[in-house]
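Trainee: Residue numbers (the numbering used here), protein chains in the order written: chain Z, 3 to 600; chain A, 3 to 600.
Keep in mind the hints are simulated off the structure, nothing from the lab.
Please note that the accuracy of each hint is not assured.
Heads up, the list lumps identical chains together, so a pair's fine if it works in one copy or across two of them.
Unchecked claim - DSSO-like mimics (lysine-lysine), calculated; alpha carbons at most 27 Å apart, straight line: (1) K149 / K227; (2) K513 / K333; (3) K82 / K247; (4) K338 / K182; (5) K192 / K149; (6) K338 / K227; (7) K247 / K182; (8) K548 / K491; (9) K337 / K513; (10) K192 / K338; (11) K79 / K495; (12) K513 / K188; (13) K337 / K182; (14) K227 / K333; (15) K337 / K227.
There are 2 protein chains.
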Amino acid sequence: MPTYQAPVKDTLFVLNDVLGFERYSNLPGFADSSGDMLEAILGEAARVAEEVYQPTNRQGDLEGCHRNADGSVTTPKSFKAAFDAYREGGWMGLAMPGEYGGQGLPYTVHQAAGEYFCSANMALTMYSGLTHGAIAAILVHGTDEQKSTFIPKMIEGTWTGTMNLTEPHCGTDLGLMRTKAVPDGKGAYKISGQKIFISAGEHDMSENIIHLVLARAEGSPEGIKGVSLFIVPKFILDENGNPGKRNGVSCGSIEEKMGIHGNSTCVMNYDEAEGYLIGEINRGMNAMFVMMNEARLGVGLQGLSVSEVAYQNAANYARDRLQGRALTGPKFPDKKADPIIVHPDIRRVLMTARAINEAGRALVLWSAIQADISRSGPDEKERERAEDHMALLTPVIKGVLTDKGFDIAVMAQQVFGGHGYIEEHGMSQFVRDARIAMIYEGANGIQALDLVGRKLGQHGGRGVQAFFKEVGEFCEENRSNEALAPFTKGLKKGLNDLQAATMWLMQNGMKNPDNAGAASTDYMHLFGLVALGYMWARMVKAAQEKLAAGADGSEEFMNNKITTGRFYMERIMPESSAHLARINAGADSMMALSAEAF
Amino acid sequence: MPTYQAPVKDTLFVLNDVLGFERYSNLPGFADSSGDMLEAILGEAARVAEEVYQPTNRQGDLEGCHRNADGSVTTPKSFKAAFDAYREGGWMGLAMPGEYGGQGLPYTVHQAAGEYFCSANMALTMYSGLTHGAIAAILVHGTDEQKSTFIPKMIEGTWTGTMNLTEPHCGTDLGLMRTKAVPDGKGAYKISGQKIFISAGEHDMSENIIHLVLARAEGSPEGIKGVSLFIVPKFILDENGNPGKRNGVSCGSIEEKMGIHGNSTCVMNYDEAEGYLIGEINRGMNAMFVMMNEARLGVGLQGLSVSEVAYQNAANYARDRLQGRALTGPKFPDKKADPIIVHPDIRRVLMTARAINEAGRALVLWSAIQADISRSGPDEKERERAEDHMALLTPVIKGVLTDKGFDIAVMAQQVFGGHGYIEEHGMSQFVRDARIAMIYEGANGIQALDLVGRKLGQHGGRGVQAFFKEVGEFCEENRSNEALAPFTKGLKKGLNDLQAATMWLMQNGMKNPDNAGAASTDYMHLFGLVALGYMWARMVKAAQEKLAAGADGSEEFMNNKITTGRFYMERIMPESSAHLARINAGADSMMALSAEAF
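Let the sequences and hints guide you as you build the complete structure.
Mentor: Written out as structure tokens, the structure is:
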């Protein structure tokens with residue numbers, strides 16, 4: 003059976019020693035959650051994740067979700083109690099506004115804890131994750147009445163949320179949408195149509211489900227500019243605001259999926275369901291993007307989370323499994339064989355996982371702080387800069403951490419040999435679960451296109467220039483730091499490749515947009531390499547400083563950070579050249595064949 | 003529902019135009035299977051694969067195999083009839099010796115056709131594939147009586163075969179084996195023990211199952227040098243050579259696996275089962291290696307096969323799915339959207355798949371010809387050279403084509419977006435099936451170690467030197483061929499990197515074997531890049547020559563080969579630098595952490 007231990011010490015190192023969490027006490031909630039309090043919160047999150055969530059993960063995969071004849075959906079037996087512990091612990095509202103019952107702590111702390119819950123049971127966290135996204139959309143675009151009507155119950159977790167975008171014939175291209183909204187003459191709308199792939203669309207863990215549904219209002223223009231967003235509760239609220247009569251929305255069927263079996267992925271049928279416009283008419287995508295950006299960061303976190311738990315189990319197995327002898331001679335001559343962790347090729351997997359996961363965690367948390375700044379920083383310039391950061395890095399976090407997370411889950415499974423392929427050890431589940439994160443909330447090819455086609459040029463390239471400047475200055479400032487030189491050297495090489503690729507895109511992407519498209523996935527991964535490399539340079543610097551100051555029992559921990567950073571620079575950063583070479587190749591050979599030739 | 007069309011034209015191009023199949027008419031069977039006959043054989047294989055095998059694939063995944071209370075195993079309903087068509091068509095014995103009822107055609111033709119069957123239904127081909135391996139072991143190491151007793155029925159396909167190596171506590175390290183063999187005083191042995199992960203271990207598609215079982219004879223030394231190979235039939239043969247009394251071997255349970263559900267993967271219990279020594283006592287690994295090498299080439303072929311069928315379905319979907327508009331403006335303005343094949347990032351996936359699959363097919367077939375030469379070439383020097391080729395390339399074919407095959411199946415699934423994640427479209431099955439090929443018959447890390455630790459140095463590096471010489475000479479000979487220059491240039495760069503890596507290994511691998519282990523997976527993939535690149539250079543040259551000679555209706559086909567070769571050189575070959583950089587980094591940062599730190 004798989005196990006999980008939340009990496010609290012690693013999170014604290016990143017937040018406290020690398021990112022200087024305490025420096026942000028001018029932001030709401032930070033002062034209430036730093037130091038011992040931060041440690042206590044993360045410790046408690048770790049406990050719930052390890053003791054309550056994790057034991058339900060494998061069983062959830064085996065049981066799956068079932069639609070009953072009456073259209074209700076039964077989730078895995080153990081899920082409700084685990085979710086109860088989560089909401090009763092106040093985890094739903096950790097970073098939600100106090101006025102609606104939340105605890106008002108930083109989003110950063112929510113993300114830090116979120117990693118643990120998701121590592122422990124990814125399918126289960128989707129019920130709360132989508133609720134968080136729906137709350138965010140209502141908070142930003144809802145009326146005061148909508149906020150006070152829906153948000154408190156959602157923050158309690160007694161009601162959950164969903165996002166309804168996809169239809170059978172349209173996923174990425176939402177302008178093709180057919181779901182209709184007809185005014186009912188009483189200020190509401192009647193929503194009709196079919197939505198597919200709706201996570202947590204119907205289930206038995208909450209008293210009401212608040213669907214956020216994209217639909218085209220009667221008389222609205224064709225295409226994406228005629229799409230509006232509606233709140234459609236499963237149960238229409240009575241005069242006291244309690245769930246009353248059943249609304250015209252129901253689950254038509256449940257998808258048979260490769261993984262996340264514990265998540266009920268529904269076909270949702272809307273048949274004149276009562277819905278309430280949220281935000282402006284025909285500006286539905288605008289409102290939905292609040293939810294989508296939140297969800298994309300959440301999905302990037304899923305990539306990291308599954309990668310981490312898969313890695314941990316591979317490491318445990320590699321320490322336990324006796325097979326063969328070390329190439330340099332027996333390490334445990336008294337045993338029949340050495341544990342396979344003595345083999346370099348097993349180490350290659352484990353070190354790759356650490357190098358990606360530890361930097362991925364830093365990237366998530368660094369960006370979470372930027373998200374907090376963008377929401378509530380006191381200085382307008384700082385908020386703008388943080389918004390730029392989020393716009394630029396959101397597709398990178400989503401695309402790169404989920405691609406890498408899947409790769410690492412596959413590598414971790416490989417450590418188990420044949421035992422990884424049978425379901426019993428749970429490694430197959432990690433691979434099958436991790437796979438969806440590359441697809442949903444915008445397939446990773448779409449993330450790459452968002453980065454290259456929209457985010458790079460936004461505000462005249464302000465965001466990307468600021469990123470280059472920050473990384474470049476870090477290298478420059480530490481030029482005379484000899485201990486850091488091997489790291490800044492690798493980082494600088496990656497940055498140069500990224501800047502060359504950016505220049506190439508500027509020169510060739512305008513001329514022929516296919517050149518930008520042809521470069522997009524490589525560019526996103528090249529960006530990710532540099533962003534993760536920057537995280538390593540900063541982590542190594544922090545570790546070196548801690549060691550110099552007397553690491554106080556954490557010497558090995560800090561030395562391991564430095565070694566893992568070195569592994570990253572030696573073995574992962576060199577991929578930047580291949581990405582640049584591919585980008586420079588342009589679109590010609592990619593686009594030359596006729597469609598019929600494939 | 004997934005579809006499949008066997009790439010007969012591509013196979014014929016490789017065999018006839020690139021490899022010069024007709025030149026080998028001095029080898030047995032080649033003259034009987036060239037020209038029109040080759041086309042007819044492959045056409046018929048394609049028909050059986052497309053019409054008989056493929057329609058059973060998805061259903062086989064859904065149904066899986068079931069062990070009944072009496073220990074018998076029921077395979078998917080449609081499998082028996084499909085397997086009947088295969089054996090009645092004579093496909094089992096295509097390349098088997100005529101004296102035992104085979105058709106005596108080249109192994110090359112068997113491999114060419116084998117790709118189609120495996121693309122159509124990988125799980126089903128495992129029943130015949132393991133039988134082929136068992137036949138090969140008996141042919142090489144069996145007594146005349148063993149051959150005449152078992153082989154004819156196996157070639158008919160009325161009896162099938164298995165290989166029994168793995169035990170719960172030992173997979174790679176077979177020296178730890180506990181299964182025992184006690185002489186019964188009548189010339190046979192009583193075999194007792196448990197084997198796991200036995201593909202086709204028990205099923206309902208043949209009249210008898212011939213297990214080849216590794217066990218330790220009583221009194222034999224500990225470790226790998228005390229292991230012998232035994233033939234253990236499910237039913238002991240009666241005096242007429244027909245299946246008689248049930249032997250003491252039974253299926254204890256069936257594994258729940260991530261994929262290849264149609265294959266019955268069994269825990270096999272041996273309880274004083276009657277077994278017959280094959281080959282010399284304590285030389286079981288020697289005998290098993292015949293089977294294992296055959297199986298490794300078969301598994302490499304599985305990588306290619308699943309990659310090809312996954313690619314075909316992604317290409318079809320990309321042509322059909324309307325979503326969004328081309329970056330360069332609408333291509334089908336009359337439709338609501340363009341098919342997604344207009345998008346460069348979709349093309350990236352499809353072209354990558356073509357570039358790997360077409361070169362992978364060439365590598366498999368080039369090596370199959372070498373296998374034919376090594377078995378029956380008239381010239382001793384040529385046989386030796388072909389044996390060197392097989393020793394060197396077998397781990398590359400197994401490791402690289404299965405890693406790449408899985409990657410491409412994942413990319414092909416990605417083309418489907420959310421529709422790829424639900425089981426309905428069959429793309430998840432390709433990913434789940436492809437995954438095992440990286441694991442069984444020696445996990446790919448073991449292939450890499452076999453290449454670096456054993457094959458490179460064999461006969462003083464004779465094999466690798468010959469490979470370098472051949473590829474180098476190809477570049478040299480074509481130096482003045484301007485049309486080929488972009489291809490030989492890329493190939494030469496890859497070869498230089500590979501030679502530098504080989505040199506590094508010679509200098510640093512001896513000094514510290516961990517350096518060799520740390521380099522092994524990268525070295526294997528670097529080798530694969532160059533081997534596939536060499537195939538592309540040869541394919542491009544052949545296509546250019548065909549075009550120059552008047553390609554006779556195949557102009558587009560030949561031009562597409564050249565374009566795909568260009569894509570390979572521009573976008574895949576550049577990975578060689580990253581591999582070399584990783585190899586040069588050595589083992590230090592990989593091995594530095596204590597086992598407890600993970």
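Trainee: Does each hint hold? Answer for all of them.
Mentor: Verification of the supplied hints:
no., hint, verdict
1, K149 / K227, "within (25 Å within a copy, 75 Å between copies)"
2, K513 / K333, "between (60 Å within a copy, 18 Å between copies)"
3, K82 / K247, "within (24 Å within a copy, 54 Å between copies)"
4, K338 / K182, "between (69 Å within a copy, 18 Å between copies)"
5, K192 / K149, "within (21 Å within a copy, 77 Å between copies)"
6, K338 / K227, "between (69 Å within a copy, 15 Å between copies)"
7, K247 / K182, "within (22 Å within a copy, 70 Å between copies)"
8, K548 / K491, "within (22 Å within a copy, 49 Å between copies)"
9, K337 / K513, "between (65 Å within a copy, 26 Å between copies)"
10, K192 / K338, "between (71 Å within a copy, 26 Å between copies)"
11, K79 / K495, "neither (52 Å within a copy, 58 Å between copies)"
12, K513 / K188, "neither (52 Å within a copy, 83 Å between copies)"
13, K337 / K182, "between (69 Å within a copy, 21 Å between copies)"
14, K227 / K333, "between (67 Å within a copy, 21 Å between copies)"
15, K337 / K227, "between (69 Å within a copy, 18 Å between copies)"
Hints 11, 12, counting from the list given before, are not met by this structure.
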